[in-house]
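K.L.:
Line order of the protein sequences matches chains A and B.
Letter by letter, the first sequence follows residues 121 to 525 in our numbering.
Letter by letter, the second sequence follows residues 121 to 525 in our numbering.
Careful, some of the hints might be misleading.
Copies of the same chain look alike in the list, so a pair counts if it works inside one copy or between any two.
[As the list claims (entries may be wrong)] BS3-like cross-link-like pairs, simulated, lysine-lysine; straight-line CA separation at most 27 Å:
1) Lys418 <-> Lys396
2) Lys137 <-> Lys259
3) Lys522 <-> Lys418
4) Lys481 <-> Lys434
5) Lys137 <-> Lys522
6) Lys260 <-> Lys321
7) Lys332 <-> Lys481
8) Lys332 <-> Lys418
9) Lys259 <-> Lys321
10) Lys324 <-> Lys522
Everything labelled a hint here was simulated from the structure, so no lab data went into it.
Protein chains: 2
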Amino acid sequence: MDISTVWEKLVWNRGGKIIDLVLDGVGGLPDPDRGATELQVAETPNLDRFAENASCGQLEIVGPGITPGSGPGHLALFGYDPLQQDIGRGVLSALGSDFDLQPNDIATRVNFATVDEEGRVVDRRAGRIDTDTNRRLCKKIRDRVQLEEFDGTFFFQTVSEHRAVFVLRGQGLDGELTDTDPQTTGTPPNPPQPRNEASRKTAKVVQWFLEKVGEVLAEEHPANAVLLRGFQRYDPLPSLRDRFGLRGLCVADYPMYRGVSRLLGMDVVPRPGGMKERFEALRSNYGDDYDFYFLHVKHSDSRGEDENFDGKVKVIEAVDGLLPHLTDLGADTVAITADHSTPAVLGGHSWHPVPLAIQAKSARVDGVSRFDEYACAQGILGTRPGLHLMGLVLAHAGRLQKFGA
Amino acid sequence: MDISTVWEKLVWNRGGKIIDLVLDGVGGLPDPDRGATELQVAETPNLDRFAENASCGQLEIVGPGITPGSGPGHLALFGYDPLQQDIGRGVLSALGSDFDLQPNDIATRVNFATVDEEGRVVDRRAGRIDTDTNRRLCKKIRDRVQLEEFDGTFFFQTVSEHRAVFVLRGQGLDGELTDTDPQTTGTPPNPPQPRNEASRKTAKVVQWFLEKVGEVLAEEHPANAVLLRGFQRYDPLPSLRDRFGLRGLCVADYPMYRGVSRLLGMDVVPRPGGMKERFEALRSNYGDDYDFYFLHVKHSDSRGEDENFDGKVKVIEAVDGLLPHLTDLGADTVAITADHSTPAVLGGHSWHPVPLAIQAKSARVDGVSRFDEYACAQGILGTRPGLHLMGLVLAHAGRLQKFGA
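Chain A on its own, in the form it takes in the complex (with noise of 0.2 Å):
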């Protein structure tokens, strides 16, 4: 049995807020001329002093030896076990761009290429056009394109630069196709195949909007094409609330993650801007309407996965800074921790467990006088799945009932 289908169980109708601060990519590895990670190198007073008045340890989200995903590594840490939820990012992305995705809907992540005059893709990402391109884009294809053939509606969004949404909404169908987009230059995009039986009728309804969007982008340059990948059926996973009795906030910039949490029912604040708005978006939205909130900070990955330790170094450095506007906001429980590492030195994501540190009034505080990989491995945790971390906060705040007589 799943461990958090215990928590559903004893979770009551009490106990205190929880604050989950989710440093993405946060772990890493060691540079080879500084002997210490982005982690370690960065200048942390806050982070150092709330593992000092913490309970420390390291998640491994998924799984030994495996490297999170974004979706999984947050799913992970929302209490979901990854290995049982399978998330496509076509509906994560729909979902985060602020899209009204329904039960049953088919998304899809869309890049806008450009193919030469035989059909062949040159660049699977159209020289990465700018967003103010792509919105001009979609709306053509919104006007111009025309399903009379399909008793449903399509809906085409704009997530950023080269990146959209394909939605397919409609009765009889199912998103086990294959993906257009062929990850490669030189060959013409794939035909959607049905993977089974159930997917004939979406397959046909993509094949003709492929075919009215190629005459619709036929003059334009770059983006004179779209690949499609990752179709999938939004089922919806029962919410934070239901399972948990949490009513959940997210505080985030990027799609992702804002997509992951509404899937699980949390309310999303509109696009809050930068890291300090983030922090001064979790404080004005602090109060009784919530039990839940989670912050995002996006850039300690993306530097880790432009191999740039500095730059990961000064994020952290930056978080650091912002700390004190989180911990003094008197929630009973705040967390720290990460989704997965990227250490700058691999320049992407990496299996390596991340450090964690609880505070809350019921923590066991245990010496770790250090927020990084090597101090926090030592805490009072020890090392767990990243799925655990639900359980531990919901126990901290005094929001789970003791399990049998």
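Fit chain B to the supplied structure of chain A, relying on the hints for placement.
P.N.:
Same frame as chain A, now just chain B:
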């Protein structure tokens, strides 16, 4: 697969003796004034020497964030997955009151209570009548209540003070009944309602029984009624002997722990008396008849429940003084741990892990030199589920064969 089923297959007819000393609720939290837990404040030269010559770690008894009741806590320590096994308190009370419960008996917890002239509950515990009065009333009920309409028999046994146990034995009974205890005053007891078709007969028998008990107790005061809760059919678990080849002996004063032990097929020393007497009872029963000895100390939990930090410290120190009586028996493997934490500062059970120390010739002694929550957490056994204990003590005692060729 539950790991304990693997141990079952590996157990052989060899190996040494095991003693588990369970200090109920011994895990704590720091007292704000002293900045130290009950175990840290206590003077415990013997426990510390024990840890110094042991492998140490901490057990998260049921799971992250989960506060174990005593039943699940002990089941886990004995190698039974508490998430798979569900034992009602009625069954445990009956087993613990030295009543010879049989498979398929329906057992129920009883409170003697006071009702007013309109039959409304005035006191759910009848002013906590003394145990002698309880005995007299139980005998009166046994002598005077005739259940002619029922083709089986009933038992009605004193536990202590206002608490008793009611058992029905017969054909076609089931335990899926609602409680008659309204859990409040000012309303009459609820009628017993069957939760399924199989329980209809049982509900009828219980209703007859309650009417007759009402007549028998009419002239009594303050105990003029009984409240029933936690109906359950007794489905015995596979025994420690069947599963792990252990002939077990329980030395415990409280019904609950004697109940769990009997449920798992252990012999139970007749009520041994105080703590010193329990250590002596273990000594005098130590020998060829048993492989596994479970010694239970209740008051570390009770003092924690009473928010009595200093009282809990004293219990720990008393255990420490008696510890040599246990360690000089020469058992191959001795484990000291708890079934859950009961921090005095919380005044109740908690989810926090408990310290563990295992002494055995084959143990990796790890340099931990204090038996407390923080020191043991640094030990070589790390942080593990409570269920792991049985596998570890079996292995240390040489009772498990190699897995695979």
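K.L.:
Now, for every hint given, state plainly whether the structure supports it.
P.N.:
Hints, verified against the model:
1. Taking the shortest Cα distances, Lys418 and Lys396 sit within 27 Å of each other inside one copy (13 Å), while across copies they are farther apart (52 Å).
2. Neither within a single protomer nor between protomers do Lys137 and Lys259 lie at most 27 Å apart by alpha-carbon distance, with minima of 42 Å and 52 Å respectively.
3. In this homomeric assembly, Lys522 and Lys418 come within 27 Å of each other (Cα to Cα) only across copies, at 18 Å, whereas the closest approach inside a single copy is 37 Å.
4. Taking the closest pair of Cα atoms, Lys481 and Lys434 come within 27 Å of each other only across two copies (25 Å); inside a single copy the shortest separation is 31 Å, beyond that limit.
5. Within a single copy, Lys137 and Lys522 get their C-alpha atoms as close as 19 Å, which meets the 27 Å cut-off; across copies the closest is 33 Å, which misses it.
6. Taking CA atoms no more than 27 Å apart as the test, Lys260 paired with Lys321 passes inside one copy only; the shortest distance there is 25 Å, against 72 Å between copies.
7. In this assembly of identical chains, the alpha carbons of Lys332 and Lys481 never lie at most 27 Å apart, being 61 Å within a copy and 52 Å across copies at closest.
8. When the C-alpha separation of Lys332 and Lys418 is checked against a cutoff of 27 Å, the pair qualifies neither within a copy, at 37 Å, nor between copies, at 70 Å.
9. In the homo-oligomer, the alpha carbons of Lys259 and Lys321 lie at most 27 Å apart inside one protomer (25 Å), although the nearest pairing across protomers, at 70 Å, exceeds that limit.
10. Taking the shortest Cα distances, Lys324 and Lys522 never come within 27 Å of each other, neither inside one copy (54 Å) nor across copies (32 Å).
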